[in-house]
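Number of protein chains: 2
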Amino acid sequence: MKNKTIILSSRPKGTPTQDNFEFTQTDVATIEEGEVLLKALYISVDPYMRGRMSDVKSYVAPYEVGKPIMGGVVAEVLESKNEKLQKGAVVVGNLPWQQYVVHNGKGLNPIDPDMAPLSYHLGILGMPGLTAYFGLLHIGQPKEGETVVVSGAAGAVGTVVGQIAKLKGCRVVGIAGSDDKIEYLVNELGFDEGINYKTTVNINEAVAKACPDGVDVYFDNVGGEISDAVYHALNKFSRIAICGQIAFYNNTSPATGLRVEPILLKKSVLMKGFIVNDYTSEFGHAAKELTTWLQEGKLQYQESVKEGFEQIPEAFLGLFSGENTGKQLVKVAEREV
Amino acid sequence: MKNKTIILSSRPKGTPTQDNFEFTQTDVATIEEGEVLLKALYISVDPYMRGRMSDVKSYVAPYEVGKPIMGGVVAEVLESKNEKLQKGAVVVGNLPWQQYVVHNGKGLNPIDPDMAPLSYHLGILGMPGLTAYFGLLHIGQPKEGETVVVSGAAGAVGTVVGQIAKLKGCRVVGIAGSDDKIEYLVNELGFDEGINYKTTVNINEAVAKACPDGVDVYFDNVGGEISDAVYHALNKFSRIAICGQIAFYNNTSPATGLRVEPILLKKSVLMKGFIVNDYTSEFGHAAKELTTWLQEGKLQYQESVKEGFEQIPEAFLGLFSGENTGKQLVKVAEREV
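Residue numbers (the working numbering), protein chains in the order written: chain U, 1 to 337; chain E, 1 to 337.
The reader is advised that the hints may include incorrect statements.
As the list makes no split between identical chains, a pair holds if one copy fits it or if it spans any two.
[As the list claims (entries may be wrong)] The calculated lysine to aspartate or glutamate pairs, modelled on EDC-like cross-linking and capped at a C-alpha distance of 16 Å, are: (1) Lys266 - Asp55; (2) Lys267 - Asp278; (3) Lys67 - Asp180; (4) Lys81 - Asp213; (5) Lys166 - Glu296; (6) Lys236 - Asp213; (7) Lys236 - Asp278; (8) Lys266 - Asp278; (9) Lys209 - Glu310; (10) Lys67 - Asp278; (11) Lys84 - Asp180.
Don't read these hints as lab results, they were simulated from the structure.
Produce the entire structure from the sequences given, and follow the hints as far as they go.
Quick look at the structure:
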């Protein structure tokens, strides 16, 4: 049985390309006592991974050149010599971009295949859903009747942010990069307004028009000039959750532009950066509430799925050209059991 | 009895000059039922006033051209037809830059002349002291053993911030613009380290060296490149209170430079702008605690006092060239009673 792995062959300078990745092939190793053999079913590609491809200190350690890329993976236990994980179980964990993985079981979370589609655990019930939940509810603290703006609105995090904000009784405005995405946000997910930043000539005016009572909460996935437009419409005591700054992930030098500090001062604004792991102690409660909302039909969920292990680099690169609507992932194999 | 007033004769473009102010002279009006005649004793000049001289919407309304500048003033009641304010009482309030003021009494706070020197109510027991208190304790939330950095450290707010942080058991580093100021902060006020940003060649290195365990709380009075140097040393979960952005008050277009958002994201930093009036409901408690600390000798306080009503514009302009150590004010007259 052959086993393909994707390694980081070189660090990207600016926007990543296929050249930064290399496919290697080995035999599948045999497992020893305490270990399991996993088969990857779904592999997640996420914007934050770009940060780990650079050799800079960040909130997670950089990937090593010559080593596999790691990320969220749903996998099936094919063989087990670990009493805690039965053959046929499905787990989610931080795993290499690899078809078959020998693993000691530590840090793998078993998932219930009957609760929701398996892939949901890489999205709405996984890292992106939890990210939306904590950033919006803990930092944004939206109140009924307030206006919430989310950038990167059609992505894995943004779609959940907007829907939770609607559940909380807010006016919700999404910023995204195509008319199809805007239509999806407004017609399928119930957003009040959408702004296509790629075709809108004056985005400041568009934000002001979409938010006649100003902006109370801004959930920022992108940064840069899109954020600047939202800053102009902030209300006194508004809150900004900084979740992503994809505008700058491919920068080779520190980002420059409008200084936000004078704006924060003028309007007594709170701005907070975060990553989902800041809230690990509350994951259980949050996942339960998300699951309930999903089962009650209060949350819609959409995935962009590419098929085949070979598609992983392309799926990842597409994140930076705004290709995906909803959570981007790659289906690598069918479940056996 | 002649009565001099300083009016805003034109809006400053960039740094204010004497030409933006005009002295007018009138007779002192007579008071009617319910009114008092006030004589200004001490007039406060503060950096935030620069903002009000521009014709832009901000947290307080702009001054009107042709009308008096308003600000914090300690005044004596010379005559009274208001039963709540006796002749001889001393009050603090938001009043015009004027020698004698006819006033209906609303919004004037009587002060106890035995509690502390009268002028202290424009400084450590007034707006700057309360600003330091709330920004540091409510936003910064310093914990024992943490490192607190304050910029504009030798000013009316910065000197109080640093001392309260020391009371809370923190390592305190002040950034200011002269060796005299640094010496004062370290030798008189008990700061652990000071950085003279005007003579330090590499301020990033200086901050890193002064904060070997990184920065947990940054109280920012200045903004700009000084702040950028502090941003490089921020710890995970650090807090930044944005109190002033004097670097940009004289800007004629929105400030640009390093974007702080990616840094806030990487380190899960909280940044919050504020003005003291965000905390009005808690002024009483805070003023009491500050008074206690002052009376117990736990807080030192220094003023820069210019003498004479005519010196007000110069005292104000000096704020922007870094002239003052401690609270800048102008003594206008002696108390009569």
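Now for the hints, and whether the structure bears them out:
Taking CA atoms no more than 16 Å apart as the test, Lys266 paired with Asp55 passes between copies only; the shortest distance there is 14 Å, against 37 Å inside one copy. Proximity of Lys267 and Asp278 under a CA criterion of 16 Å is satisfied inter-copy only: 10 Å between copies versus 27 Å inside one chain copy. Taking the shortest alpha-carbon separations for Lys67 and Asp180, neither the intra-copy value of 38 Å nor the inter-copy value of 54 Å comes in at or below 16 Å. Proximity of Lys81 to Asp213 under the C-alpha cut-off of 16 Å is found in neither arrangement, the shortest distances being 60 Å within a copy and 45 Å between copies.
For the identical chains of this complex, Lys166 and Glu296 are intra-copy neighbours only, at 15 Å inside a copy versus 53 Å across copies, given an alpha-carbon limit of 16 Å. Taking the closest pair of Cα atoms, Lys236 and Asp213 come within 16 Å of each other only inside a single copy of the chain (11 Å); across copies the shortest separation is 34 Å, beyond that limit. Taking the shortest alpha-carbon separations for Lys236 and Asp278, only the inter-copy value of 10 Å comes in at or below 16 Å, while the best intra-copy value is 27 Å. In this assembly of identical chains, Lys266 and Asp278 lie within 16 Å of each other by CA distance solely across copies; the values are 12 Å between and 29 Å within a copy.
Taking the closest pair of Cα atoms, Lys209 and Glu310 never come within 16 Å of each other, the shortest separation being 44 Å inside a single copy and 48 Å across copies. Taking the shortest alpha-carbon separations for Lys67 and Asp278, neither the intra-copy value of 26 Å nor the inter-copy value of 51 Å comes in at or below 16 Å. For a Cα distance limit of 16 Å, the shortest separation of Lys84 from Asp180 qualifies neither inside one copy, at 45 Å, nor across copies, at 67 Å.
Hint check: violations occur at hints 3, 4, 9, 10 and 11; the rest are consistent with the structure.
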